[in-house]
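A.B. asks: Generate coordinates for the entire structure from the input sequences, incorporating the hints supplied.
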Amino acid sequence: SQQGEEDPQALSIQEGENATMNCSYKTSINNLQWYRQNSGRGLVHLILIRSNEREKHSGRLRVTLDTSKKSSSLLITASRAADTASYFCATASNAGGTSYGKLTFGQGTILTVHP
Amino acid sequence: EAGVVQSPRYKIIEKKQPVAFWCNPISGHNTLYWYLQNLGQGPELLIRYENEEAVDDSQLPKDRFSAERLKGVDSTLKIQPAELGDSAVYLCASSYGGGVRETQYFGPGTRLLVL
Chain A
1319 SQQGEEDPQA LSIQEGENAT MNCSYKTSIN NLQWYRQNSG RGLVHLILIR SNEREKHSGR
1379 LRVTLDTSKK SSSLLITASR AADTASYFCA TASNAGGTSY GKLTFGQGTI LTVHP
Chain B
36 EAGVVQSPRY KIIEKKQPVA FWCNPISGHN TLYWYLQNLG QGPELLIRYE NEEAVDDSQL
96 PKDRFSAERL KGVDSTLKIQ PAELGDSAVY LCASSYGGGV RETQYFGPGT RLLVL
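Residue numbers (our numbering), protein chains in the order written: chain A, 1319 to 1433; chain B, 36 to 150.
Do not rely on the hints blindly, as some may be mistaken.
Said to hold, decoys possible - Listed next, the in silico SDA-like pairs over lysine to any residue satisfying Cα-Cα at most 25 Å (straight line):
{"#": "1", "chain 1": "A", "residue 1": "K1420", "chain 2": "B", "residue 2": "W57"}
{"#": "2", "chain 1": "B", "residue 1": "K113", "chain 2": "B", "residue 2": "E85"}
{"#": "3", "chain 1": "A", "residue 1": "K1344", "chain 2": "B", "residue 2": "D91"}
{"#": "4", "chain 1": "A", "residue 1": "K1420", "chain 2": "B", "residue 2": "P143"}
{"#": "5", "chain 1": "A", "residue 1": "K1420", "chain 2": "B", "residue 2": "E85"}
{"#": "6", "chain 1": "A", "residue 1": "K1344", "chain 2": "B", "residue 2": "D92"}
{"#": "7", "chain 1": "A", "residue 1": "K1420", "chain 2": "B", "residue 2": "E87"}
{"#": "8", "chain 1": "A", "residue 1": "K1374", "chain 2": "B", "residue 2": "G134"}
{"#": "9", "chain 1": "A", "residue 1": "K1388", "chain 2": "B", "residue 2": "Q76"}
{"#": "10", "chain 1": "B", "residue 1": "K46", "chain 2": "B", "residue 2": "E79"}
{"#": "11", "chain 1": "B", "residue 1": "K106", "chain 2": "A", "residue 2": "S1417"}
{"#": "12", "chain 1": "B", "residue 1": "K50", "chain 2": "B", "residue 2": "E87"}
{"#": "13", "chain 1": "A", "residue 1": "K1420", "chain 2": "B", "residue 2": "D98"}
{"#": "14", "chain 1": "B", "residue 1": "K51", "chain 2": "B", "residue 2": "T111"}
{"#": "15", "chain 1": "A", "residue 1": "K1420", "chain 2": "B", "residue 2": "N65"}
The set of hints was computed from the structure by calculation and includes no laboratory data. None of these values were measured; they are calculated from a predicted model.
C.D. replies: Written out as structure tokens, the structure is:
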């Protein structure tokens, strides 16, 4: 079952513009992660934000987390055509009271960056 | 460092036929995951191994799906018999440990089409 809902489902922008994607989830989490998936390729881990963090940066990526609203956003600044991909948020929590982590993915946002 | 290797990349079969997917995780990664990704959806966990032990197979349809990870390295996922609804991408991932903050590294996936 999918944990999160992502918004928008699809986003089309011009190169150089910023892209913002949102993710909402339902249950308590240990951390939230963002992944990118290019056409025909596997998922690539982008960034992890812990439940006690509110904002995190990595290069052109900025992630925020609001645990009171159970939501997160991913901002890609100065987008490039190479950023065209599907972006997924995934919530991580301990599986069934064990020490093992379990990732639950959202449905993803399809980002298209036009040159 | 070599990534997660999966084969075949594509498979087309008739319904009711058996099919098998193979995964070789990143060297040294003890945890291995199989995910199912339907078109337009995020991945959903099928089974998770810690070394050679399946520690979470609650989402694996055991009437037709089976998996094994002999010697705690390579893994095989099998479907017998395949149904039309099994058409999807099957992703394998691995991580160094199974903790909730571990990064999962994904292979390119096997795209299955059942006719």
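A.B. asks: Hint by hint, say whether it matches the structure.
C.D. replies: Hints, one by one, checked against the model:
no.: 1; hint: K1420(A) to W57(B); result: holds (22 Å)
no.: 2; hint: K113(B) to E85(B); result: holds (19 Å)
no.: 3; hint: K1344(A) to D91(B); result: holds (21 Å)
no.: 4; hint: K1420(A) to P143(B); result: holds (20 Å)
no.: 5; hint: K1420(A) to E85(B); result: holds (13 Å)
no.: 6; hint: K1344(A) to D92(B); result: holds (23 Å)
no.: 7; hint: K1420(A) to E87(B); result: holds (18 Å)
no.: 8; hint: K1374(A) to G134(B); result: holds (21 Å)
no.: 9; hint: K1388(A) to Q76(B); result: holds (20 Å)
no.: 10; hint: K46(B) to E79(B); result: holds (20 Å)
no.: 11; hint: K106(B) to S1417(A); result: holds (23 Å)
no.: 12; hint: K50(B) to E87(B); result: violated (30 Å)
no.: 13; hint: K1420(A) to D98(B); result: holds (24 Å)
no.: 14; hint: K51(B) to T111(B); result: holds (19 Å)
no.: 15; hint: K1420(A) to N65(B); result: holds (15 Å)
The structure is inconsistent with hint 12 alone, although it conforms to all the rest.
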